[in-house]
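**Q** With the sequences and hints as input, model every part of the structure.
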Amino acid sequence: MTTETLKTGARRTLPSMSVLGPVIALVVLVVIGAAMNSNFLGAANISNVLARSAFIGIIAVGMTFVITAGGLDLSVGSMAAFIAGLMILVMNAALPTLGVGVPIILLGMAVALVAGILAGLLNGFLITTLGIEAFIVTLGTMGIYRSLVTWLADGGTLSLDFGLRTFYRPVYYEGILGISWPIIVFALMVIIGEILMSRSRFGRHCAATGSSEHVAHYSNVNVNRTRLLTYAMLGMLVGVATIMYVPRLGSASASTGVLWELEAIAAVIIGGTILKGGFGRVWGTVIGVLILSLIDNILNLTDLVSPYLNGAIQGVIIILAVILQREAKAKG
Amino acid sequence: MKSVLAGCTAIALTAGATFAQDAEVKVIGVSIPAATHGWAGGMNFHAQQTVNRLEEVYPNLDFVLATASDAGKQVNDIEDMVATRNISALVVLPFESAPLTPPVQAVAESGAWVTVVDRGLSIEGIEDLYVAGDNPGFGRVSGDYMVDQMPDGGKIVVLRGIPTTIDNERVEGFQAAIEGSGIEIIDMEHGNWNRDDSFNVMQDFLSKHPQIDAVWASDDDMAVGVLGAIDAAGRDDIQFVLGGAGMKEMVKRVMDGDKMIPADVTYPPSMIATAIEMTAVGMTSNAPVSGTFTIGSVLITAENAAQFYYPDSPF
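Protein sequences, first through last, are from chains A and B. Here this note's numbering is used: the first residue of the first sequence is 1, the next is one more, and so on. Here this note's numbering is used: the first residue of the second sequence is 1, the next is one more, and so on.
These aren't lab readings, by the way, just hints derived from the structure by calculation. All C-beta atoms, glycine included, are put in the ideal place defined by N, C-alpha and C. Don't take every hint at face value.
Quick look at which bits of chain B chain A covers, simulated, 3 or more residues with Cβ under 8 angstroms [unchecked claim]:
hint : region
1    : 32–38
2    : 42–56
3    : 179–186
**A** Right, dumping it as structure tokens:
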């Protein structure tokens, strides 16, 4: 299994189906969308779809590293809701002293990043140092963060002070040269992620750890530290996503970020990263994210299929993506 | 004056004596869905408040409050209440009608009083008391308001809730009310009573339709997402957004005369308080409380908004 996985990851002259599959799926979706509705390729629609993909996308970049290193994180959706709630509470509390302005926004952003890194380190510590199964640890923290945000909000919704929200709004809605901030930040994270994954020692260590813990260990890779870092990095990216999310509607509640973890994991797998670890690619994850949000967008723009079947269509695409990967592996 | 005082004391003494005689404490179980969205959060708040208050008022009543995150957990909660707390009455807001019907039926057959709230059970005649909001009425009041605001007709989009019978009843009520008025529903999609989903759906509606006169968001959480999307698109063809349920922020906007939110339609989460209160009365007095109690959906406008504004509630 190990050598085969590594071979799949090796560069080849002809791209395999696992590389082409997601790209073809994306192109087909774009063609269907354009044929169904003339506004589909309009700047406004493309900008909307990209901006709303940014939350899951930024998180999925981090998830690519966690999965490549043989881990899993089910807590990211709840974590995002909790961090958003925390951020809103801190900013509202600091409002009388700091007033509406740049410092309070920076404070909110710092809270999100620090809380994200700490939450990621906690997951990583429980998984690596205490040696508890990643699935169990993050299933546990998923419940903890979801309850915490419900408790913080007293069962209702936490809302950012209105004046503060108006000031913070441009972080989601505006940008440079007509490209909104979430899209720019998403693109930056993808570029950094892709370089880290394919060009850096950290990326190689992740693949080695996910491929075979023992081999990696004897090859002088610090397996525990690599895993811990992937969780901390994912936590930080959840913080980054939250920084983009809060100015959108200025609120957080128990229904924030529900099922984001599964969407992020699905995007990573559709993009060609192997769920068992050992091989990952960040740009594939981007395609996975775009495929998932385009399905929603197209179903809203057309009256082709009942919206009840949305989940079914996404399900079919996820399974197809994995079948394509397996065939590529068998051939390799 | 003295005699009145004496009379009061006498009544108090007799009441005390009755309590002493009935030393048996009755337990009322309350089983509700967990606070996973705004309305449920408000409902949890009112349930807790009512239980706290009634425990003070009735010394011989004891309450068990359990919140469930899914139908399966709720069945477990109810089984535990019967097995370990020997409840005399159950107030239940079923997570889903069908799966909760057999366990609630078992409670009723054991001789306990059953009060069902909001969502009816699949078999009729199980419950002693049914307290509910008026879902077809919720849709009808909303539809009537739309017709009132747009006498010459217009194009509207509709955001629906999570696919359930509640949602179907509301939408059918709404459609019946606008029939023949010249108001045309040009698009309808599920926003799942969720802000983020509704934001996305509304963004897509705005790309798809060049002219939208008004939006029936059918819920206040969804209205928040809808307003966000309209704001971002900078569209000024939409005259107003009609939500529903009576979220405090929305009631405040109606009160302040916000042009985009001129009205709201109630579907009060405090109906759980009505149900617990009436059950407590049934357990402690001779007043008959069985039957059906429907809480009407009321139109909130700038004139009457103040009486629907509860700043302390989380919803």
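**Q** Please go over all the hints and tell whether each is borne out by the structure.
**A** Against the structure, the hints come out as follows:
| no. | hint | in the structure |
| --- | --- | --- |
| 1 | 32–38 | holds (count 5) |
| 2 | 42–56 | holds (count 3) |
| 3 | 179–186 | violated (count 0) |
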